[in-house]
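Chemist: Under this note's numbering, the first residue of the sequence shown carries the number 944, and numbering increases by one thereafter.
Accuracy of the hints is not assured; some may be wrong.
Said to hold, decoys possible - Computed list of lysine-lysine pairs in PhoX-like fashion (alpha-carbon distance at most 25 Å, straight line):
1) 1032 / 978
2) 1032 / 987
3) 1242 / 1268
These are computed hints drawn from the structure, not numbers from a lab.
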Amino acid sequence: SVGRLAAGVAHDFNNILGAMVPSLEMMERRIENPKALRYLGTVKTGAERAAGLVRQLLAFSRAGEFEPRPMDLNAEVERALGLARPSLKGTELRWLPDDGLGPVRADPTQVQQVVLNLVLNAVDAMDSGGVLTVETFRSPDARAAVLAVQDTGPGVPEDLAERIFDPFFTTKEPGKGTGLGLAIVYGIAERHGGAVRLVSPPGGGARFEVTFPFAEGAAPEAAAEGEPPAGAGDILVVDDDPVVLATLARVLRDAGYRVRAARSAEEALRVVERGDRTFGAALVDVRMPGMDGVALAVKLRELDPGLPLRFISGYAENREEEIRKLGFPTPIRKPFQVRDLLALLQAIVRS
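All chains, please: the whole structure from these sequences, using the hints.
Modeler: Printed below as a string of structure tokens:
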């Protein structure tokens, strides 16, 4: 099926990107030559676009991991606009956030996907440039936050408006569009208990409004900028992909951790059973040949009940519910940001 194919492709590509993105991030911190940094930035942007493409494939197949939580909608929109900025040449961006907006309950990755799809769709509609307006505000009934993306392009003909959210339907020239962008936005909005609608502004152009229900509770604070947090202690890292394993180990050692890397669940078990080291935390890949990461986590908990353990995954193969029922946190997605991983470890590593 398409979903199973997408899941397999996502796992393999996210493993590749899971090594690339952190390595590029660490290189950025060490290179001072401005010209080299520009080239590196181009490579990093390409890797981030590739990661976005994988998310898009998963979102369309509905195989993507869905992790809704209280979050700051404006912050995620700003992150997505940062990713889209290189594609906005010749376009005037007007970003109008409602600063008094409360947190919404949503999956941050999928919110970014919605923003990117709508923004890039709007830019494509304005061949010779124009004004792109992105705004957030409360819905009239005050039950949801609304994300609106409006362009000054030719608009959507009335006879096509009903088909605009159909999968593979596109008004672009052959080879210039997949017809998945708006279908994905529709699916994500529906999955969140919200909706998306097309509005035709009086002055022309097209305006898409997506609603996200408000959440109860506060949105988590974003990680502060600056140097990533330093660490100390022993970390067990388990991943069957040698490149990902080596990258993770290098990133953690550079941050000050002592790392024991294992290429299989069986090897990790032998290390822990020997008992010659006390680990402050364990990072375990979900999908591995032989004993998988979930089975390993259960055995590690029996051997060392107090060991903080987090899963890492290119694609968790819809095992999030099983993982939650076992009492483990949601897996960290590959590719991850170095800062986020180190901040998490600093919070969970036991002394």
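Chemist: Against each hint, give a clear statement of whether it holds in the structure.
Modeler: We went through each hint and held it up to the structure:
1. 1032 / 978: Given that 25 Å is the threshold and the Cα spacing comes to 21 Å, the pair holds.
2. 1032 / 987: Answer holds: residue 1032 to residue 987 is near 19 Å, not above 25 Å.
3. 1242 / 1268: holds, 16 Å
Checked against the numbered hints given earlier, the structure satisfies every one of them.
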